[in-house]
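Novice: Sequence:
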Amino acid sequence: MKYKINLLTITKRMALNALLIMLFSGLRAQELRVTGPDGKLEVNLSLEKGKLYYRVNLAGQEMLENSPLGLVGEKVDLASNLHLIASETKTIDQKYEEPKIKRRLVHYQANELLCTLENNLKQRLVVIFRVSDNNIAFRYGIPQVAEPANFRVEEEMSGFKFPDSTTTFLTAQATPMIGWKKTKPSYEESYVPDQAMGTPSKYGVGYTFPALFHVGSRGWVLLSETGSNGSYCGTKLSEGTKTGFYKIAFPEQGENNGIGDAAPTLALPGFTPWRTITVGSTLKPIVETTVPFDVVEPQYAASKPYTFGRATWSWLEWQDGSINFEDQQKFIDLSAALGYEFVLVDNWWDKQIGHQKIEELAAYGREKGVGLCLWYNSNGYWNDAPQTPKNRMNTAIARKKEMAWMQSVGIKGIKVDFFGGDKQQTLQLYEDILTDANEYGLTVIFHGCTLPRGWERMYPNFVGSEAVLASENLIFTQEANDNEAFNATLHPFIRNAVGAMDFGPVLLNKRHNRENNGGTTRKTTETFQLATAVLFQTPVQNFGLTPNNLLEMPAHVIDFMKLVPTVWDETLFVDGYPGKYVVLARRQNEQWYIAAVNAEGKEKSIEVALPMLSEKVAQCISDNKSGRSEQKTIRLSQEKTVRLTLQPGAGVVLYGK
Numbered sequence: 006m007k008y009k010i011n012l013l014t015i016t017k018r019m020a021l022n023a024l025l026i027m028l029f030s031g032l033r034a035q036e037l038r039v040t041g042p043d044g045k046l047e048v049n050l051s052l053e054k055g056k057l058y059y060r061v062n063l064a065g066q067e068m069l070e071n072s073p074l075g076l077v078g079e080k081v082d083l084a085s086n087l088h089l090i091a092s093e094t095k096t097i098d099q100k101y102e103e104p105k106i107k108r109r110l111v112h113y114q115a116n117e118l119l120c121t122l123e124n125n126l127k128q129r130l131v132v133i134f135r136v137s138d139n140n141i142a143f144r145y146g147i148p149q150v151a152e153p154a155n156f157r158v159e160e161e162m163s164g165f166k167f168p169d170s171t172t173t174f175l176t177a178q179a180t181p182m183i184g185w186k187k188t189k190p191s192y193e194e195s196y197v198p199d200q201a202m203g204t205p206s207k208y209g210v211g212y213t214f215p216a217l218f219h220v221g222s223r224g225w226v227l228l229s230e231t232g233s234n235g236s237y238c239g240t241k242l243s244e245g246t247k248t249g250f251y252k253i254a255f256p257e258q259g260e261n262n263g264i265g266d267a268a269p270t271l272a273l274p275g276f277t278p279w280r281t282i283t284v285g286s287t288l289k290p291i292v293e294t295t296v297p298f299d300v301v302e303p304q305y306a307a308s309k310p311y312t313f314g315r316a317t318w319s320w321l322e323w324q325d326g327s328i329n330f331e332d333q334q335k336f337i338d339l340s341a342a343l344g345y346e347f348v349l350v351d352n353w354w355d356k357q358i359g360h361q362k363i364e365e366l367a368a369y370g371r372e373k374g375v376g377l378c379l380w381y382n383s384n385g386y387w388n389d390a391p392q393t394p395k396n397r398m399n400t401a402i403a404r405k406k407e408m409a410w411m412q413s414v415g416i417k418g419i420k421v422d423f424f425g426g427d428k429q430q431t432l433q434l435y436e437d438i439l440t441d442a443n444e445y446g447l448t449v450i451f452h453g454c455t456l457p458r459g460w461e462r463m464y465p466n467f468v469g470s471e472a473v474l475a476s477e478n479l480i481f482t483q484e485a486n487d488n489e490a491f492n493a494t495l496h497p498f499i500r501n502a503v504g505a506m507d508f509g510p511v512l513l514n515k516r517h518n519r520e521n522n523g524g525t526t527r528k529t530t531e532t533f534q535l536a537t538a539v540l541f542q543t544p545v546q547n548f549g550l551t552p553n554n555l556l557e558m559p560a561h562v563i564d565f566m567k568l569v570p571t572v573w574d575e576t577l578f579v580d581g582y583p584g585k586y587v588v589l590a591r592r593q594n595e596q597w598y599i600a601a602v603n604a605e606g607k608e609k610s611i612e613v614a615l616p617m618l619s620e621k622v623a624q625c626i627s628d629n630k631s632g633r634s635e636q637k638t639i640r641l642s643q644e645k646t647v648r649l650t651l652q653p654g655a656g657v658v659l660y661g662k
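Residue numbers for the sequence shown follow our numbering, beginning at 6 and rising by one.
Keep in mind the hints are simulated off the structure, nothing from the lab.
Every residue gets a Cβ at the ideal spot worked out from N, C-alpha and C, and that includes glycine.
You can take every hint at face value.
Calculated pairs, SDA-like style, for lysine to any residue (alpha carbon to alpha carbon, straight line, at most 20 angstroms): (1) LYS252 with GLY78; (2) LYS356 with LYS406; (3) LYS609 with ASP487; (4) LYS356 with ALA403; (5) LYS645 with GLU595; (6) LYS406 with ASP355; (7) LYS395 with ASP325; (8) LYS56 with PRO73.
Label-pair restraints from in silico Cβ distances: (9) LYS607 with LYS567: 28 to 34 angstroms; (10) SER631 with LYS405: 53 to 59 angstroms; (11) LEU568 with ASP325: 27 to 33 angstroms; (12) ASP389 with PRO303: 32 to 38 angstroms; (13) GLY209 with GLN412: 41 to 47 angstroms; (14) ASP266 with ASP325: 32 to 38 angstroms; (15) ASN594 with GLY209: 44 to 50 angstroms; (16) ASP325 with ALA401: 28 to 34 angstroms; (17) GLU372 with GLY209: 53 to 59 angstroms; (18) GLY606 with ASP266: 45 to 51 angstroms; (19) ALA368 with LYS630: 47 to 53 angstroms; (20) ASN86 with GLY606: 53 to 59 angstroms.
Could you put the whole structure together from the sequences, leaning on the hints where they help?
Specialist: Quick look at the structure:
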């Protein structure tokens with residue numbers, strides 16, 4: 006069901022509920038309240054001396070203390086001297102299907118509170134809160150009042166005030182134009198677990214979304230945003246205070262080589278993106294949340310039925326030297342041998358293979374049942390990255406010409422890299438690429454990029470984004486290998502909880518080079534690598550497999566990689582703690598896949614309940630004490646429990662019905 010708010014109608018709707026006006030005119034205790042359907046999650050709004058605040062309680066426990074709301078622009082202050090004009094509530098009850106997220110069929114039920122406020126200059130602000138059982142989403146609407154038809158937002162006052170007992174799991178926002186060839190920020194910084202609030206970030210410019218907070222014994226809060234497109238910028242969290250206050254912050258002016266405005270401008274009437282707050286007494290609601298997709302709408306219809314699946318990717322282990330016709334044939338053959346749908350041809354293909362030979366590769370792939378996806382540099386305006394093809398995606402004329410050629414030869418999708426910022430102008434480029442790609446029947450993956458913000462549902466041809474310290478870093482540094490298990494146990498709770506994550510998992514080479522005899526060294530086991538195929542969710546997985554793996558790996562390892570899916574009907578959190586270990590279950594049709602990995606540096610034995618399994622036996626892939634992967638059939642207890650023994654840097658994979 007499509008749901009729209011007409012801001013012009015709201016501004017004319019002056020019939021007031023006298024009780025609501027009285028509640029807002031007095032003390033803080035006199036508030037507006039909206040709860041989730043089960044009544045446990047509660048948002049309270051209050052006006053205090055003309056300023057609007059909200060608080061969040063879960064089952065009587067305060068999860069967010071009094072936190073400010075409002076927007077400020079030049080000569081427009083929608084955060085002070087506010088008074089209530091109108092208020093209304095409604096019930097949201099929607100069902101939708103989205104195959105690219107962690108749960109295919111979603112039933113979204115929420116209660117909505119919509120308030121219209123006015124300042125002393127008769128300028129108006131609409132505040133919308135939606136509350137489901139474990140999720141809150143809020144945004145602002147700005148009506149057009151009198152002549153001004155746009156609103157440059159100079160500051161968003163939206164904040165989050167956490168109780169004193171809270172610790173953080175955050176990743177720093179990078180300063181502009183740093184890193185390799187000036188390609189940052191690209192959401193590829195490391196996380197610090199259980200850190201004290203107010204600890205300065207690595208770069209001093211705040212933190213990227215999503216952001217996880219542990220509110221002591223009360224539970225957990227995950228902050229993010231969704232619904233962002235070319236009508237606004239992507240935002241971040243500010244630096245925090247020692248008293249636990251964080252607020253929405255805009256991009257840095259230097260992002261994207263200084264091109265574009267850091268502050269967004271809304272056409273009026275208009276809406277900001279949604280700010281999302283997932284709240285749970287345990288980590289289960291954090292991992293299983295669908296709120297990034299619940300509150301957004303598809304922006305256009307799919308031009309064709311898009312297919313998703315598995316891909317091989319020569320560049321990851323074999324690097325730039327593999328971008329030649331012969332090696333790409335080998336990886337097409339590898340995909341065919343594994344039953345995979347795609348192969349990804351990475352950077353320099355236009356120079357080292359050429360458009361004509363790509364057409365031959367596409368034809369060769371068709372014979373094998375394997376589709377080609379091609380890499381592109383986003384442009385050369387805001388980075389010094391030399392990789393080509395470049396300047397093909399940043400203008401409509403060049404982009405459409407290139408996409409028309411791809412459509413004519415049967416290319417299935419594109420991977421576009423090196424964006425370097427969150428300004429409104431850059432978000433418009435993301436949207437333009439997606440929109441045009443849909444016209445030519447192409448799926449899109451973004452790398453060196455921002456966090457996807459509800460895009461799986463908004464754009465039918467969007468596949469996923471990197472926006473994480475991904476598998477390529479395993480090739481670049483030994484430190485990434487040393488920390489691989491630690492990072493893997495963070496992503497299901499934070500980055501991958503809110504959007505598809507194109508990580509590029511499952512590297513079975515023990516040494517990360519073409520010959521499997523040099524370079525950095527993998528510290529995790531083969532079973533750990535298999536588990537990441539389930540832990541990391543995105544509808545097209547670009548796996549790090551290489552032709553030698555077919556001969557060097559045990560048969561059960563390759564057999565599992567032949568059958569593991571990439572789209573899921575259901576996802577359930579089983580057990581874990583971010584940075585230590587995680588057990589996650591995903592279902593496709595009737596088949597369940599349960600993955601567990603251990604980052605604690607010592608053997609870990611846990612008993613897990615698997616009531617979702619209807620059969621008494623399951624296949625189990627695990628590691629022995631020497632780290633060798635083994636497969637066996639296990640029998641579940643009558644209570645559907647099983648004891649898992651996880652070696653350090655190792656994993657377990659179960660699958661059954």
